[in-house]
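Asker: Next come the chains, spelled out residue by residue.
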Amino acid sequence: MAARTLTINGTLISARSNETVLEAAREAGISIPTLCHLDGLSEVGACRLCLVEIAGSAKLQPACHTTVTEGMEVQTDTPRLKAHRRAIVELLFAERNHICAVCVASGHCELQQLAVEVGMSHVRYEYLSPDCSVDISHARFGIDHNRCVLCTRCVRACDEVEGVHTWDIAGRGTNARVITDLNVPWGEATSCTSCGKCLLACPTGAIFSRGSTVAELERDASRIATIVAARNERW
Amino acid sequence: MEFQDLQIMAEQERSRRKAIRIHCCTSSGCQASGALELFHQLQAAVEAAGQNERVDIVGVGCMGFCGQGPMVSVEADGVLFEHVRPEQAPEIIASLDGGPCNVKQGDHAHPFFSRQLHIVRRNGGVIDPERIEEYIAVGGYQALYHVLHEMSPAEVIDAITRSGLRGRGGAGYPTGLKWATVAKSPGERKFVICNGDEGDPGAFMDRSILESDPHLILEGMSIAAYAVGADQGYLYVRGEYPLAIARLQKAIAQARKHDLLGSQIFDTSFNFRVDIRVGAGAFVCGEETALIASIEGRRGQPRPRPPYPAEHGLWGYPTLINNVETFGNIAPIITNGADWYAGIGTERSKGTKVFALTGKVRNTGLIEVPMGMTIREIVEELGGGTPDGTPVKGVQTGGPSGGCIPEALFDTPVDYESLAEVGSIMGSGGMVVMDATTNMVEIARFYMEFCMDESCGKCIPCRTGTVQMYRLLSKISAGQATAADLATLEQLCHLLRETSLCGLGQSAPNPVQSTLRYFREEYERLLRKRVRINLTSR
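Listed in order, the protein sequences are those of chains A and B. One point on numbering: in numbering that gives the first Met the number 0, the residue at position 142 of the first sequence is 141, and numbering is uninterrupted. One point on numbering: in numbering that gives the first Met the number 0, the residue at position 82 of the second sequence is 81, and numbering is uninterrupted.
There's no promise every hint is true.
[Said to hold, decoys possible] In silico EDC-like pairs for lysine to aspartate or glutamate, Cα to Cα no more than 20 Å straight-line:
(1) K474(B) - E523(B)
(2) K392(B) - E376(B)
(3) K81(A) - E523(B)
(4) K58(A) - E416(B)
(5) K58(A) - E239(B)
(6) K392(B) - E489(B)
(7) K17(B) - E1(B)
(8) K392(B) - E523(B)
(9) K17(B) - E46(B)
(10) K58(A) - E497(B)
(11) K58(A) - E489(B)
(12) K81(A) - E520(B)
(13) K474(B) - E125(A)
Everything labelled a hint here was simulated from the structure, so no lab data went into it.
Can you make the complete structure from the sequences, with help from the hints?
Answerer: Here's what the structure looks like:
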């Protein structure tokens, strides 16, 4: 595998030729905010938080979906990108009912951390306050659509790692919802193996284990990558 | 089938024609105003008058002047009847022998007809789209024969490149370059897809082409498949076009029967199969990567590009995706030569463009005009201005991805670059005319509502940004917004343009930005004024 040399924020770094800008940056200790990305899962480039500027390209490119090239000049932290990231996080907070004070994931929530990271002090947009349901028909887990950010990490973890595809998306636009099987209550979704990988993958408190109380839900999303790596290396 | 067989079929078809051919439009537009009943009444009238030996009633595709439908034309003497009611059928038949006729007659010399140049729509209103023999009688499938027997794939691509043809789906990507990329991309197999998921409000060009001349599209796709090395094609048509789908199915069956689709076409080693895939009502499926996902049986959502479908398309294979109208230009280019095509239009936009002229305009319908014609010529000469003579305020081109062009800029020629310069796009060809009574804030709100409803929900800026923009526009429209709201709206325009995943989100701000650019005072007039309290005067 050939190596490539590129510049990120003015610093020369090296990367493997098949790596994405995101992987190369993280390896070099440069942080780029992400939400829909999760190590071990395929990339969808949907959250647009990891957009970076690449010299010679007028369009912003998602770092998670862009392969490094020789001599590439990447900027990850310009005022323009920072403004966009903050706006995107604000839009997410305005979209559903994210109330940290009563959330099982508060303190361990990626969305909460993102808000701090991008410097969100308030939300400029009108709160949409949609009427969302909570499904606790499953014996061990629950899904609270109020907290879902539609990152589809649960969908991909279930499909790609567990190989089941219990989760998917129904509806479109802001009315899209993650669903189990053909939009039946989770407890009635016969394909679900109750493996809990969706719980590991969920960045917010949307998917929770029914045992945890407020601000108690700690998860290790990196276990998904560990499982995938273990399989690939025929552990 | 051999070339001679084509000629024999054409000859047989011509010789079985009766002395008088009466064309009755049976496309969706005219059907909606009763054309099918009229068609049957015309047949009955011929029967009743004992004219069966002399007169043939032919159901044809779109004649273009949809606002005047149902339309009937008599081929020999070129008489054109408009707004024909079924009970007027006997009158029309009687008029063939000089009988009195009070049916409203159209005028071929009218600028609506005389200023047009038909390339893609040349068979519209002339042939019966449900009979392959009629297409062959006007020279159909000869271009395909010529290509398969006398041209190498590289020569075909070269001809398309030299013609200067650009994608008619809206973005105007050079067609020859796209073909060359697919041809050069390595892959065990390749696919050709025709994008017939026309969804812009007010646009019906592709529907009309598919309904009026389905074999033209099949021939174009076959030539493309030969050029890029594909053996399977898909026609993706939106489910809202049942007549187009039915006629395409019929056309595919006929072409297969005559070995013009299938294996060893024209006794060469070229094989090509075409199947129809029907869209289920998602506007975003017109975006090429979402369309591919839909054909694959997955949820119709776009994915980031690159890789482009030309390299990594349907099931991962190199895939050529072109719009209906683009494929419609292929056979004429092969028949008449690349230089002929390159001689039409402007420096960088060649050929013609079909527009659906609608809105506050006297002559509603489909027009095909050479690139470079000005918007003023289209709206005022072909369109005849507004129905009540009030001044035109602007036109909207390119649907929810396009923009509004004010009357002051009507001397802009219609070509890809000029339209982009004034903040709109060529788009697929919708052209909605607006008069002085049109509220531009409402127009922007309408298109934003469309984008909001049609957002797939995959990327955050488009999914939630369109909702916020729609709410802000509603607030402005209701007179409850402040200058700060307008500033937020403009920031969101910028955000969606720069960060959305696909073209739908990236271009969703266009109607807002273009109306803000040219009609900003309409927005500002609606803003809530800040109340100033003068404390010092007490």
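Asker: Just to be careful, I want the Cα atoms of K392(B) and E489(B) compared with a cutoff of 20 Å; is the pair within it?
Answerer: Roughly 23 Å separates the two Cα atoms, so the pair is violated.
Asker: Run the distance test for K58(A) versus E489(B): straight-line Cα separation, threshold 20 Å.
Answerer: 19 Å, holds
Asker: Hey, K392(B) versus E523(B), does the alpha-carbon distance stay inside 20 Å?
Answerer: 18 Å, holds
Asker: Taken at face value, is the distance from the CA of E46(B) to the CA of K17(B) at most 20 Å?
Answerer: The given pair, whose Cα atoms are some 14 Å apart, holds under the 20 Å limit.
Asker: Would you mind confirming whether the straight-line C-alpha gap from K58(A) to E497(B) stays at or under 20 Å?
Answerer: 7 Å, holds
Asker: Mind checking the alpha carbons of K58(A) and E239(B) for me, to see if they're no more than 20 Å apart?
Answerer: With Cα atoms ~34 Å apart, K58(A) and E239(B) exceed 20 Å; violated.
Asker: Below or equal to 20 Å on CA atoms is what counts here, so check K58(A) against E416(B).
Answerer: Holds: K58(A) and E416(B) sit about 19 Å apart, inside 20 Å.
Asker: Keeping to a limit of 20 Å between CA atoms, is the pair of K81(A) and E523(B) held or broken?
Answerer: Outside the cut-off at roughly 29 Å; violated.
Asker: Check whether the Cα positions of K474(B) and E523(B) lie no farther apart than 20 Å.
Answerer: Distance ~12 Å between K474(B) and E523(B) Cα, so the pair holds.
Asker: Sort out whether E1(B) lies within 20 Å of K17(B), counting only the CA atoms.
Answerer: 27 Å, violated
Asker: Compare the distance between the alpha carbons of K474(B) and E125(A) with 20 Å, and conclude whether the hinted pair is satisfied.
Answerer: Roughly 11 Å between the alpha carbons, so the hint for K474(B) and E125(A) holds.
Asker: For a C-alpha distance cap of 20 Å, please report whether K392(B) and E376(B) respect it.
Answerer: 15 Å, holds
Checked against the numbered hints listed earlier, the structure breaks hints 3, 5, 6, 7, 12; every other hint is satisfied.
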